[in-house]
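The lines below spell out each chain.
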Amino acid sequence: MGEFNVWTSLPAVAPEIGLTILAAVVLLLDAYLPKEKNRARNIAFVSAVSMAVLALTPFIWAPAPNTSELFWGGMVRHDALGQLFDVMILLAGAITVMIAVDDSGVGRRGEFHLIVIIVTLGGCILSSSADLVMIFVALETVSIPLYVLAAFRREDNKSSESGLKYFLFGSFASAILLYGFSFLYGLTGSTQLTAIAAGLNSEIVSGNLVAVLAALLMVIVGFGFKISAVPFHFWTPDVYEGAPTPVTAFVSVASKAGSFAVFMRFLIEAFGLPAVSADATSTLVVIDGQTIQTFWVNLLTVFSILSMTVGNVLALRQKNFKRLLAYSSIAQAGYTLMGLAALQAQSAIGQDIAMASITFYMFMYTFTNLVIFAGIILFVEATGRENIADFAGLQRRSPWLALAMTIGLLSLAGIPPAAGFFGKLFLFQAAVEANLVGLAMIGVLNAIVALYYYLIIIKIMYVDQGIDEDKPLAMPRSYAWVLGITSVVIIILGVIPTPIFDLAQQGAAAVRLAMGS
Amino acid sequence: MALEQFAPAGVMIIIATILAFIILVISRIFGPHRPTFRKNAPYESGMKPIGPAQRRVPVRFYLVAVLFIIFDVEVIFFLPWAVAMRDLGVYGLIVMGVFTLMLIVGFIYEWKKGALEWE
Chain A
1 MGEFNVWTSL
11 PAVAPEIGLT
21 ILAAVVLLLD
31 AYLPKEKNRA
41 RNIAFVSAVS
51 MAVLALTPFI
61 WAPAPNTSEL
71 FWGGMVRHDA
81 LGQLFDVMIL
91 LAGAITVMIA
101 VDDSGVGRRG
111 EFHLIVIIVT
121 LGGCILSSSA
131 DLVMIFVALE
141 TVSIPLYVLA
151 AFRREDNKSS
161 ESGLKYFLFG
171 SFASAILLYG
181 FSFLYGLTGS
191 TQLTAIAAGL
201 NSEIVSGNLV
211 AVLAALLMVI
221 VGFGFKISAV
231 PFHFWTPDVY
241 EGAPTPVTAF
251 VSVASKAGSF
261 AVFMRFLIEA
271 FGLPAVSADA
281 TSTLVVIDGQ
291 TIQTFWVNLL
301 TVFSILSMTV
311 GNVLALRQKN
321 FKRLLAYSSI
331 AQAGYTLMGL
341 AALQAQSAIG
351 QDIAMASITF
361 YMFMYTFTNL
371 VIFAGIILFV
381 EATGRENIAD
391 FAGLQRRSPW
401 LALAMTIGLL
411 SLAGIPPAAG
421 FFGKLFLFQA
431 AVEANLVGLA
441 MIGVLNAIVA
451 LYYYLIIIKI
461 MYVDQGIDED
471 KPLAMPRSYA
481 WVLGITSVVI
491 IILGVIPTPI
501 FDLAQQGAAA
511 VRLAMGS
Chain B
1 MALEQFAPAG
11 VMIIIATILA
21 FIILVISRIF
31 GPHRPTFRKN
41 APYESGMKPI
51 GPAQRRVPVR
61 FYLVAVLFII
71 FDVEVIFFLP
81 WAVAMRDLGV
91 YGLIVMGVFT
101 LMLIVGFIYE
111 WKKGALEWE
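For the record, the sequence lines run as chains A and B. Everything in the first sequence is counted per my numbering, starting at 1 for the first residue and increasing by one. Everything in the second sequence is counted per my numbering, starting at 1 for the first residue and increasing by one.
Hints may contain errors.
To be verified - Using C-beta positions, here's what the derived DEER-type ranges look like:
(1) B/Val66 with A/Val137: 43 to 53 Å
(2) A/Val488 with B/Val66: 35 to 45 Å
(3) B/Asp72 with A/Arg477: 18 to 28 Å
(4) B/Met96 with A/Trp61: 52 to 62 Å
(5) A/Pro416 with B/Ile108: 51 to 61 Å
(6) B/Asp72 with A/Pro476: 40 to 50 Å
(7) B/Phe78 with A/Ile21: 19 to 29 Å
(8) A/Glu140 with B/Asp72: 34 to 44 Å
(9) A/Ile349 with B/Pro80: 41 to 51 Å
(10) A/Glu155 with B/Tyr62: 52 to 62 Å
As the list claims (entries may be wrong) - Distance condition first, Cα-Cα at most 25 Å in a straight line; then the derived SDA-like pairs of lysine to any residue:
(11) B/Lys113 with A/Val25
(12) A/Lys35 with B/Pro8
(13) A/Lys319 with A/Ile376
(14) A/Lys37 with B/Met12
The hints are simulated quantities; they were obtained by calculation from the structure and are not laboratory data. The beta-carbon is built from N, C-alpha and C at its ideal position, and this holds for glycine as well.
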């Protein structure tokens, strides 16, 4: 348990404090701004700019990033990994608000922006929580507003359906997760992750391997739902298709990034990296002569293979663009799970690369997915159609939009110079470092399958003849900015990935040292 | 902790299940069975049911219920704080002030949005 000092603890949650104040301000703006045409647009602008500014706070007012310390009495852990996740979730919130502005039905109601801020707040806490109670509260702070957002277009049956489905699946998964947490607390007598790790080594727990594995399994099922890994992915296509498009964009990045961050923390802190000593040999947490690590690494390997394969194969046959992105996001979760499985690496450098590669992948995935969804929103708002075939001839209608979407799709496919290339490269590298060569091979094969359906879309946009080819698409200025900035970020990350990756690696090393290994 | 400690509880569950089953079966076999309309009514000795059970309720009640919960939670937080106020000191006062401030913002919002108007 970390000791509790408010004044030293405050900087560790600087973005969260800012978001809370911002939420109150936006609430009052929504209540007091006079009813005029640009009302919601002004609120959106305030929210987006504030969130973008808050994304800077980790670099201004924060504890030292090269250590990993506990704050708020052991509730929150602050390090560079948490900072990176905070930044990406805050930017995802800002971009979502910007791309929702012109989406009829959501962007013109002030509450929408408020709820996005609340989800962002939850995501920021989630990525740095170090206690089971905190994890659950943060996870629900992310999930419950997202249920509301998915059903935000009340007059649209599909939106209501997706909201209800998301709510039913989500609350069920949360219940299972919580049940797993309760077992962990019962076994170890603590909710603090590192204390759980210590408790697992005590005498009381030895002899109860089945209970530990059952608890771990339930927690993995709960997190598996949140990151939409196969076999817990059934909600994804329906929710992605039915929810308003900006919400889909936000679900696919913020909730996923936060969940991956906390999943990674949970596995590292509670179920232990093998302790790495100076000469890089390891001792495993042993209960009943079996290794818990083997259990979860094998489980995650299987989930990773299933997610990649099922996601990519089902994506091949999709006609609806949002549904295709749903299956693509399942496949992307599969790649990232590879990084989690690689946490079992025996060497210190291998573990650092595993943690850093997950962080980098989520970082680039945030921008990549948002640029594509921004393009879809723009297109659907202008034409009212969202099938892939309707994008035919987009290049003649709006060359810049087609270019931005091409950059996004290339990044998802993992082709240089887009950021996705390095994202995948780091993950494969982590898998190889952890002696999971077979898993890395399957990942590479899947990337080739995925190439097909991403490139087909680019071909449709650039080569195919569309029916409305002579009608150019107007690009509002706010969308032009968002598309431009995110595309440039993707290219920059793809050309010089090292600053972010090095920062993530420093954070990973700090976490590893804090675990006392 | 060994599983054997739970053996009495397990035996208890099994016996209770079997006993309940036996009682139901025996009374079914040996008891007289003469159903009448009145016996089958939801409340045998109560009022006659009027209309279906799923009646339409004004949706406003849900709003009232949601608003009520906010203030309910507020009171639940206030009470232990008031009891332990001397121990918590200035820190407790500030924290409670922040909490109340957030609630007041929400209250202003619902007032301005007209959630408190019945019509």
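Verification of the supplied hints:
no.: 1; hint: B/Val66 with A/Val137: 43 to 53 Å; verdict: 20 Å, violated
no.: 2; hint: A/Val488 with B/Val66: 35 to 45 Å; verdict: 44 Å, holds
no.: 3; hint: B/Asp72 with A/Arg477: 18 to 28 Å; verdict: 46 Å, violated
no.: 4; hint: B/Met96 with A/Trp61: 52 to 62 Å; verdict: 25 Å, violated
no.: 5; hint: A/Pro416 with B/Ile108: 51 to 61 Å; verdict: 52 Å, holds
no.: 6; hint: B/Asp72 with A/Pro476: 40 to 50 Å; verdict: 44 Å, holds
no.: 7; hint: B/Phe78 with A/Ile21: 19 to 29 Å; verdict: 23 Å, holds
no.: 8; hint: A/Glu140 with B/Asp72: 34 to 44 Å; verdict: 19 Å, violated
no.: 9; hint: A/Ile349 with B/Pro80: 41 to 51 Å; verdict: 49 Å, holds
no.: 10; hint: A/Glu155 with B/Tyr62: 52 to 62 Å; verdict: 19 Å, violated
no.: 11; hint: B/Lys113 with A/Val25; verdict: 15 Å, holds
no.: 12; hint: A/Lys35 with B/Pro8; verdict: 69 Å, violated
no.: 13; hint: A/Lys319 with A/Ile376; verdict: 14 Å, holds
no.: 14; hint: A/Lys37 with B/Met12; verdict: 69 Å, violated
Hint compliance for this structure: hints 1, 3, 4, 8, 10, 12, 14 are not met, and every other hint is.
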